[in-house]
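Number of protein chains: 2
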Amino acid sequence: MSHTIAPLNPPYRLLMAPGPVNADPRVLQAMSKPTVGQFDPYMFKVMGEVQEMLRTIFKTENKQTMVVDGTSRSAIEAAFVSVLAPGDPVLVCCAGRFGLLLKEIAERCGADVHAIEKPWGEVFSIEEITQAIESVKPKLVATVHGDTSTTMRQPLEGLGEICHRNGALLYTDSTASLLGNDLRADEWGLDIVTTGMQKCFGGPSGMAPITVSDRAVAVMEQRKSIEAGVADSQEEISGSRIHSNYFDLPQIFDYWGPRHLNHHTEATHMLYAVHEASRLVVEEGIDAVIERHWLNGAAMAAAVQGMGLSLYGDQANRMNDVIGVKIPASADDVAVRGQLLGDFGVEIASSFGPLKGTIWRIGVMGANARKDAVLTAAAALGSVLERQGVAVSTEKGIEAALAVYGA
Amino acid sequence: MSHTIAPLNPPYRLLMAPGPVNADPRVLQAMSKPTVGQFDPYMFKVMGEVQEMLRTIFKTENKQTMVVDGTSRSAIEAAFVSVLAPGDPVLVCCAGRFGLLLKEIAERCGADVHAIEKPWGEVFSIEEITQAIESVKPKLVATVHGDTSTTMRQPLEGLGEICHRNGALLYTDSTASLLGNDLRADEWGLDIVTTGMQKCFGGPSGMAPITVSDRAVAVMEQRKSIEAGVADSQEEISGSRIHSNYFDLPQIFDYWGPRHLNHHTEATHMLYAVHEASRLVVEEGIDAVIERHWLNGAAMAAAVQGMGLSLYGDQANRMNDVIGVKIPASADDVAVRGQLLGDFGVEIASSFGPLKGTIWRIGVMGANARKDAVLTAAAALGSVLERQGVAVSTEKGIEAALAVYGA
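Protein chains in written order, with the UniProt record's numbering: chain B, 1 to 407; chain D, 1 to 407.
These are computed hints drawn from the structure, not numbers from a lab. It is possible that part of the hints are untrue.
The list treats identical chains as one, so a pair stands whether inside a single copy or across any two.
Here are the simulated DSBU-like cross-link-like pairs (lysine-lysine), alpha carbons at most 30 Å apart as the crow flies [as the list claims (entries may be wrong)]: (1) K33 / K326; (2) K45 / K139; (3) K33 / K63; (4) K118 / K224; (5) K356 / K137; (6) K45 / K356; (7) K33 / K396; (8) K396 / K118; (9) K33 / K45; (10) K137 / K396; (11) K224 / K45; (12) K139 / K33; (13) K224 / K356; (14) K118 / K326; (15) K45 / K63; (16) K326 / K356; (17) K396 / K224; (18) K326 / K139.
The model shown is predicted, which means the values in this text are computed figures rather than measured ones.
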């Protein structure tokens, strides 16, 4: 190389897009604690505590609760490839980009994919899903709890029982919804739930918590096979393997379980981040964290409406932590977001596919689900719009937000 | 949860197993810099600088040089699943646990796997591999540059040309060898090289650098397909997809390329770690880093021999950064390693499979490839052995190590 690279010096940003959001400084600090070996007794203690806290967070008693070492979608793929053998029928509920992602991942697993679709911005009724289950008789029903592309939250209560009655497992992707919205894995009969760290969890991207019910574990273990290099006997090596080594959940269970059988080398410092982020939310209380997301999301929704913008989508089924805003015809999307980031250091996002350039998505997530972040981001957005000649009133927006906070 | 989890407070360890080793404190500090959004201009700058530095480190001009968001084996699987369609012939060179891992990953891809084997502790001659290539005519030849399970380094020089002449791509796993041993991707004709951060790189586990030649990119792009949720047109969605979304390298290339097409959400703070770890090795100089591993590895080898232990395996082909030591019959492996960790805070490892309990592996890697780490670890090992009644002389071991340092 002919030149020198300077040390990192990131600009300060207030990240109000729907993730990644600013990792909590306490979580970042925990990441820089000293490294321990992957079979150190202290490492096992940290892993055990992470499992215990994640159970509390997912509201589950599932033994198999841990993290997959990768970004959010790594756990989705781990769930699918571990459940679905080629040809297995799967029902995917698609009403946004992340529903399409589930469909795509299932297709890449070679599954027999049946998708039901809704226009982006809508959700499925339990009846609609039930009908499809009865017709497809799938091995797995795949849903997105909160599809950030549309800001919608899919109701799931009652679906587990229907799936089980029809011999199906129920999967939900809660990457963008967990801890911002009510989710009860055991009570709702969710067999597999996956999430990420960089949204309501207030951590960095790169680890994907997952919980798996005993019912789903039993399905996965039908294709369990241990790596030849670490297996104790030939019997542990199966001919009918899961079609991925990295995402083979039964092997990951063994790595996290009492056998601590070597698989990957756990990402120690990311695990530290998961430990601290989990600790902070457990300390605050899961329901208090959800309530905080609800309150700050409501304040942000009031702010944008108050200033004269329109909310996007069915507000009864909106995620607490992501606000969809219709981009006014008089506003230039790219210019608005550019000035907001460049001059105010505030990031918001547009969306994907049919919603690209038509809505803004404002995330109120994790450490940024707090009053000052909501008010400063709303004031900044209002100022930029006013400067660009869009007819809004920042003053009224802030007033409306403050009213939500009861001030 | 009925009890409170205390904040992290890891014990101090000197990690002299073959990885993970202690992450350099400067790298850990870089991880706690503020988060930026995944499409922030600053993020693109960091990604670009990482690519540039990784090219220097891999000694390549390959455009497609970046990280896969996962532990070391994630990049192996990404390489294999992106190159190998079901039924494609692959030749795997197996002489240790990590050769077996390559075989297993290829099998899980549904490839037509042909393995040549050597007893653990030996390496293949280029002639032996050539013969197998000419007979199998594989699409991919898979090798392990440094198999930590055996401490052996596989010579690769000249193999690229032979592969290309026979229409094969050449892959090598340099997880444990890169930066500790000479590796020249372009000069040696290596089409795909993957590695990890937690060994000679001196970083944390959880990111997997990879470089891919134009020849290999062309093969992968035959099955390129963009996610429906972000594709610009139907034409971008192929029917013949790579059998993984997460590990679909052509999509990862688009995420890292000028189009910055959304795929995963880059693990920002792990990327910061890769940036700083890369910056430190580029600043020191790649060859100087390799030389440092050689020198400190030689000192550790001298120390264990000097104290009266025997080295394991063919020393002409030993990795610079991992020392294999035969466990003396009079020593209790588990007790020795337990006391070393418990009383001295020093971690060394045994191995896997046929070498489990028969050799110790001492890593001299990354930030721990330095004189004081070598001397203190050797002194601690000698002390523990003496206390356990094994006939060794710590004094002579230290003397021999100091002689290597020219003191």
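Status of the hints after comparison with the structure:
For the identical chains of this complex, K33 and K326 are neighbours neither inside a copy (44 Å) nor across copies (34 Å), given an alpha-carbon limit of 30 Å. Taking the shortest alpha-carbon separations for K45 and K139, neither the intra-copy value of 35 Å nor the inter-copy value of 44 Å comes in at or below 30 Å. For the homomeric pair K33 and K63, the shortest alpha-carbon distance inside one copy (28 Å) is at most 30 Å, but the shortest distance between copies (35 Å) is not. In this assembly of identical chains, K118 and K224 lie within 30 Å of each other by CA distance solely across copies; the values are 27 Å between and 36 Å within a copy.
In this assembly of identical chains, the alpha carbons of K356 and K137 never lie at most 30 Å apart, being 35 Å within a copy and 47 Å across copies at closest. When the C-alpha separation of K45 and K356 is checked against a cutoff of 30 Å, the pair qualifies only between copies, where the shortest distance is 24 Å, while the shortest distance within a copy is 45 Å. Proximity of K33 and K396 under a CA criterion of 30 Å is satisfied in neither setting, with 45 Å inside one chain copy and 36 Å between copies. Within a single copy, K396 and K118 get their C-alpha atoms no closer than 35 Å, and across copies no closer than 76 Å, so neither meets the 30 Å cut-off.
Proximity of K33 and K45 under a CA criterion of 30 Å is satisfied in both settings, with 15 Å inside one chain copy and 27 Å between copies. In the homo-oligomer, the alpha carbons of K137 and K396 never lie at most 30 Å apart, since the shortest distance is 52 Å inside one protomer and 72 Å across protomers. Taking the shortest alpha-carbon separations for K224 and K45, only the intra-copy value of 26 Å comes in at or below 30 Å, while the best inter-copy value is 43 Å. In this assembly of identical chains, the alpha carbons of K139 and K33 never lie at most 30 Å apart, being 43 Å within a copy and 44 Å across copies at closest.
Proximity of K224 and K356 under a CA criterion of 30 Å is satisfied inter-copy only: 23 Å between copies versus 42 Å inside one chain copy. Taking the shortest Cα distances, K118 and K326 sit within 30 Å of each other inside one copy (20 Å), while across copies they are farther apart (64 Å). Only within a single protomer do K45 and K63 lie at most 30 Å apart by alpha-carbon distance; the minimum there is 16 Å, versus 42 Å between protomers. With identical chains, the CA atoms of K326 and K356 are at most 30 Å apart within one copy only, with a shortest distance of 11 Å there and 62 Å across copies.
Taking CA atoms no more than 30 Å apart as the test, K396 paired with K224 passes in neither setting, with 60 Å inside one copy and 49 Å between copies. With identical chains, the CA atoms of K326 and K139 are never at most 30 Å apart, being 38 Å at best within one copy and 51 Å at best between copies.
Hint compliance for this structure: hints 1, 2, 5, 7, 8, 10, 12, 17 and 18 are not met, and every other hint is.
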